[in-house]
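Enquirer: The chain contents come next:
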Amino acid sequence: MTTASEVLSVVASRELAGKRTVFAGIGLPTLAASLAHLTVAPDLEIVYESGVCGAHPSHLPETIADAVLITGAEAVLSMPALFGYVLQGGHIDVGFLGAAQIDRWGNLNSSVIGDWHSPKVRLPGSGGAMEVMANSREVFVVMRRHDPRSFVDELDFCTSPGPDRALGDGVRPAGLGVTRVITELGILARSGPGEELKLVALHPGVTVDQARECTGWPLEVGGDLTVIEPPSEAELRLLREDVDPERVYLR
Amino acid sequence: MPRPGPDKTMSLRDAVAAYVHDGDTVALEGFTHLIPTAAGHEIIRQGRRDLTVVRMTADIVVDQMLAGGCVRKLVSSFVGNSSAGSLGELRRRIEHADPEPLEFEEYSHYGLICRYLAGAQRLPFYPLRSYAGSDLPGVNPAIRKVASPYGDEQIYVVPPVNPDVTIIHAQRADRAGNTQIWGLTGVQAEAVFAADKAIVVVEEIVADEVVRSDPNRTVVPAHAVDAVVEVPRGAHPSFAQGYYDRDNAFYRAWSGISRDKEKLAAWMAEWVHGTADHGEYVAKLGEEFWAGLAVGEAMSEPVNYGRRL
Chain A
1 MTTASEVLSV VASRELAGKR TVFAGIGLPT LAASLAHLTV APDLEIVYES
51 GVCGAHPSHL PETIADAVLI TGAEAVLSMP ALFGYVLQGG HIDVGFLGAA
101 QIDRWGNLNS SVIGDWHSPK VRLPGSGGAM EVMANSREVF VVMRRHDPRS
151 FVDELDFCTS PGPDRALGDG VRPAGLGVTR VITELGILAR SGPGEELKLV
201 ALHPGVTVDQ ARECTGWPLE VGGDLTVIEP PSEAELRLLR EDVDPERVYL
251 R
Chain B
1 MPRPGPDKTM SLRDAVAAYV HDGDTVALEG FTHLIPTAAG HEIIRQGRRD
51 LTVVRMTADI VVDQMLAGGC VRKLVSSFVG NSSAGSLGEL RRRIEHADPE
101 PLEFEEYSHY GLICRYLAGA QRLPFYPLRS YAGSDLPGVN PAIRKVASPY
151 GDEQIYVVPP VNPDVTIIHA QRADRAGNTQ IWGLTGVQAE AVFAADKAIV
201 VVEEIVADEV VRSDPNRTVV PAHAVDAVVE VPRGAHPSFA QGYYDRDNAF
251 YRAWSGISRD KEKLAAWMAE WVHGTADHGE YVAKLGEEFW AGLAVGEAMS
301 EPVNYGRRL
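Going line by line, the protein sequences match chains A and B. Taking the numbering used here, the leading residue of the first sequence gets 1, the next gets one more, and so forth. Taking the numbering used here, the leading residue of the second sequence gets 1, the next gets one more, and so forth.
Simulated from the structure, these hints should not be mistaken for laboratory data. The C-beta atom is built at its ideal place from N, Cα and C for all residues, glycine as well. A portion of the hints provided could be inaccurate.
[What the hints assert, rightly or not] Now the in silico label distances, taken between C-beta atoms and shown as ranges:
| id | chain 1 | residue 1 | chain 2 | residue 2 | range |
| --- | --- | --- | --- | --- | --- |
| 1 | B | Pro6 | A | Gly89 | 49 to 55 Å |
| 2 | B | Ala269 | A | Gly114 | 46 to 52 Å |
| 3 | B | Phe125 | A | Gly98 | 28 to 34 Å |
| 4 | A | Ser58 | B | Phe125 | 54 to 60 Å |
| 5 | A | Gly168 | B | Asn248 | 40 to 46 Å |
| 6 | B | Asp152 | A | Asp224 | 53 to 59 Å |
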């Protein structure tokens, strides 16, 4: 039985083919990056928000600042260096982000549900997500929930704006914004400013209508809609035996 | 013979009594690593009120200071229980003004880092390539957009933050306050230099010669430090690289404790108000508990600083 986490990790890992630097959080992004390192992107370096570059952990980390990421790492940078030089300096190919809400342009909300001044739910906020969005060459989003509450026509609050909103604000964006959204139903993609997210791939057995019903805006289908190849035996074996043998994140 | 620096060592009780006053702006920094928990608890014990707390990752210690009634305003770029869940007291304050409203000033991480950078360098503002198109400037008027004086570019800027006092936790310092940190160094140096006064809480106070044997490891020099306090295990439930590991189980438990007002009050009564100081808190947890967070050795290779013959 292949779990949803396994499928999402494998699909995200394939998207990292040929990439050099990835800014990743703990959980699915780490699994995807670690698997990609063993398969399609052998030169991949994972950079963590805590300042760690080139980690060689003895155990699977539980947080982006886990002590096992520090011991044996190639470099540990201060916050001004990590955010100022590495991120804003333009050294990140792919940033991984999650969010409570995403819209068709790949803008993200991680601050509040409801009105900012009197929110229904106060969420953690940006952290470094705004900087990852503004400065990475491109951004991948992995969403565990693909439903109209998360894929919304209009964000309650825009925490991390994509390049279209930056341009609207009179600022030239550095990166492409969100280029891939990976969900349990399939993959949404856009290639840069001026484009909205379109459905480009579905998992086997999922229909276009299902994806449309679960998306809060009129979801368009990209030119050549494909069916996602299920995880191979080799990918699953690496993921289960090498990347997360204790199944910390492979729920 | 090298002269010893001035001795700034004192107890945590005396340091908080001397440098943290009602209504002050207090920065507590430490990014997941070396969070100054013992200092936060002492502020609660001494009953400080109306504080403005500045902290990039407002997590458990901030939730506890909120529950302790110490905080009027929070300046932060991430308000959550790490990746382990929610901060119950913070959410009650923001979502329901229960038991009273919390003034909240929201930034992104680099936005707040830039406020410390401007503060440390006594600059009027600091520019950064974030915020364009975000809704944050609309709810935080301190974030502003200016025209570059060198071209036609627009850029967002943030104002300096100059806390009345910054408190950090570190692995070791000498008695004068030369403070050494290894592992994640976060934004501690910038937060100290931005402040009027600084308290450094350390796992151990070491001989001057220990610090001088490795000066590159000193993140904060003595002249920026007003008080040096030795509090072993003072960063729990966060960790001190090389001393003890993070208490992940407590992080996971906190969301459940803080969600329930009565459970939270009972926890505070037992672990903060019910202990005279951090030494009692550490002893109450017990040696068996601490053995569970023990770490093994991974020494760095010494470097040769050289000496003139």
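Enquirer: Give a verdict on every hint.
Expert: Checked hints:
no.	hint	in the structure
1	Pro6/B x Gly89/A: 49 to 55 Å	violated, 39 Å
2	Ala269/B x Gly114/A: 46 to 52 Å	violated, 33 Å
3	Phe125/B x Gly98/A: 28 to 34 Å	holds, 31 Å
4	Ser58/A x Phe125/B: 54 to 60 Å	violated, 43 Å
5	Gly168/A x Asn248/B: 40 to 46 Å	holds, 42 Å
6	Asp152/B x Asp224/A: 53 to 59 Å	violated, 41 Å
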